[in-house]
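Each residue of the sequence shown is one higher than the last, beginning at 1 in full-length UniProt numbering.
Among the clues, some could well be false.
[Claimed, not checked] Here are the simulated DSS-like cross-link-like pairs (lysine-lysine), alpha carbons at most 25 Å apart as the crow flies:
#, residue 1, residue 2
1, K228, K255
2, K14, K283
3, K255, K194
4, K94, K111
5, K60, K111
6, K111, K57
7, K255, K9
[Said to hold, decoys possible] Here are the simulated distance ranges between beta carbons:
#, residue 1, residue 2, range
8, K94, V3, 30 to 36 Å
9, A278, P2, 33 to 39 Å
10, N53, T99, 34 to 40 Å
11, D89, Y258, 33 to 39 Å
12, N110, D55, 31 to 37 Å
13, E264, W61, 41 to 47 Å
By construction, these hints were calculated from the structure, which means they are not laboratory data. Positions of the beta carbon are idealized from the N, C-alpha and C atoms, including for glycine.
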Amino acid sequence: MPVSLDELKRLEDKANFLRHDIVDTVYHAHSGHLGGALSMIDAVTVLYYHVMNIDPKNAKWEDRDRFVMSKGHAGIGFVTVLADLGFVDHDELKTFNLTGSKLGIHLDCNKVNGLDASTGSLGHGLSIALGMGLAATQLKKDFMTYCMLGDGECNEGSIWEAAMAIANYNAHNVVVMVDRNKAMIDGPTEDVMKLEPFADKWTAFGFNTLSIDGHDHAAIIDALETAKNTTDKPTCIVLNTVKGQGVDFAAGDYKWHYGAINDELRDQAFASLDKYHAERLAKLEEK
Numbered sequence: 001m002p003v004s005l006d007e008l009k010r011l012e013d014k015a016n017f018l019r020h021d022i023v024d025t026v027y028h029a030h031s032g033h034l035g036g037a038l039s040m041i042d043a044v045t046v047l048y049y050h051v052m053n054i055d056p057k058n059a060k061w062e063d064r065d066r067f068v069m070s071k072g073h074a075g076i077g078f079v080t081v082l083a084d085l086g087f088v089d090h091d092e093l094k095t096f097n098l099t100g101s102k103l104g105i106h107l108d109c110n111k112v113n114g115l116d117a118s119t120g121s122l123g124h125g126l127s128i129a130l131g132m133g134l135a136a137t138q139l140k141k142d143f144m145t146y147c148m149l150g151d152g153e154c155n156e157g158s159i160w161e162a163a164m165a166i167a168n169y170n171a172h173n174v175v176v177m178v179d180r181n182k183a184m185i186d187g188p189t190e191d192v193m194k195l196e197p198f199a200d201k202w203t204a205f206g207f208n209t210l211s212i213d214g215h216d217h218a219a220i221i222d223a224l225e226t227a228k229n230t231t232d233k234p235t236c237i238v239l240n241t242v243k244g245q246g247v248d249f250a251a252g253d254y255k256w257h258y259g260a261i262n263d264e265l266r267d268q269a270f271a272s273l274d275k276y277h278a279e280r281l282a283k284l285e286e287k
């Protein structure tokens, strides 16, 4: 179903707000995983503000859709969503990863409201998501589980074990989303450990594989609708993204997998994000 221009503008405004919050949270934390937080935020925005069935006033609602952020180091990005929706007090973002804060660099679901799984040790989130999907089937529930993977994380053999099991059990209520920003802490993914042909690997494992622009909200919405309506096999959405997207000094640079932001860089980042947002809105109007 086509998405209205007003809805796409609303999502653009929300993603822009969250990108600013990510930069500000990295600033107050004195450092953080900026690059991967910015590359995934468009997809997470679409999930939480357009697709997922959730209730911030009832975080443990049994019939809610689930989200497992397997690339747990990007928690500094996801927590801005939780804060904006009211799961977490927005003022707490300024305490992220500081001594005594409940918002650790890898988020803990026993401490953070609205978090469905504790992640951070890479390679485990997809298996957790599979367990949630199988539980839904056993309980005759129709909730969906969405799992966000990092592409560098896909060097882990446990990811492919989980993928094999998801296809084996046709857990089509588990949607795999891969932040394919092609960069990891040690450099470009293809220099560290070749992943290509990446989409073909998921297809070979038995998935309906969709490769899209991971910064295009309309494309993300369409892919998620396709995933939900595909029941003969599970779906993997490869989100082709740019690490650090929207911030000129970080975009496409693997060295901004993790870094610190001072006053000058924060101002530069905010100006860059404002320009990026204006350009995205202008492109929407052109369509």
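Hint check results:
The suggested pairing of K228 with K255 is violated, with an alpha-carbon distance near 36 Å, which exceeds 25 Å. Note on K14 and K283: the hinted pairing holds, with a Cα-Cα distance of about 16 Å set against a maximum of 25 Å. For the given pair, K255 sits about 19 Å from K194 by alpha-carbon distance, which is consistent with the 25 Å threshold. For the hint linking K94 to K111, the alpha-carbon distance of about 16 Å falls within 25 Å, and the restraint holds.
Pair hint K60 plus K111 holds up; C-alpha atoms about 13 Å apart against a cutoff of 25 Å. Annotation: proposed proximity of K111 to K57 holds, straight-line Cα distance about 16 Å (limit 25 Å). This hinted pair does not check out: K255 and K9 have alpha carbons roughly 31 Å apart, beyond 25 Å. Between K94 and V3, the C-beta spacing of about 34 Å keeps the proposed range 30 to 36 Å intact.
Taken as a hint, the range 33 to 39 Å is violated for the pair A278 and P2, whose Cβ atoms sit roughly 24 Å apart. Between N53 and T99 the beta carbon distance is about 36 Å. The supplied range of 34 to 40 Å therefore holds. In this structure the supplied range 33 to 39 Å is violated for D89 paired with Y258, their Cβ-Cβ distance being about 25 Å. The beta-carbon spacing between N110 and D55, approximately 20 Å, falls outside the hinted interval of 31 to 37 Å.
Our hint of 41 to 47 Å for E264 and W61 holds, since their Cβ atoms are close to 44 Å apart.
Against the hints set out earlier in the document, violations occur for numbers 1, 7, 9, 11, 12.
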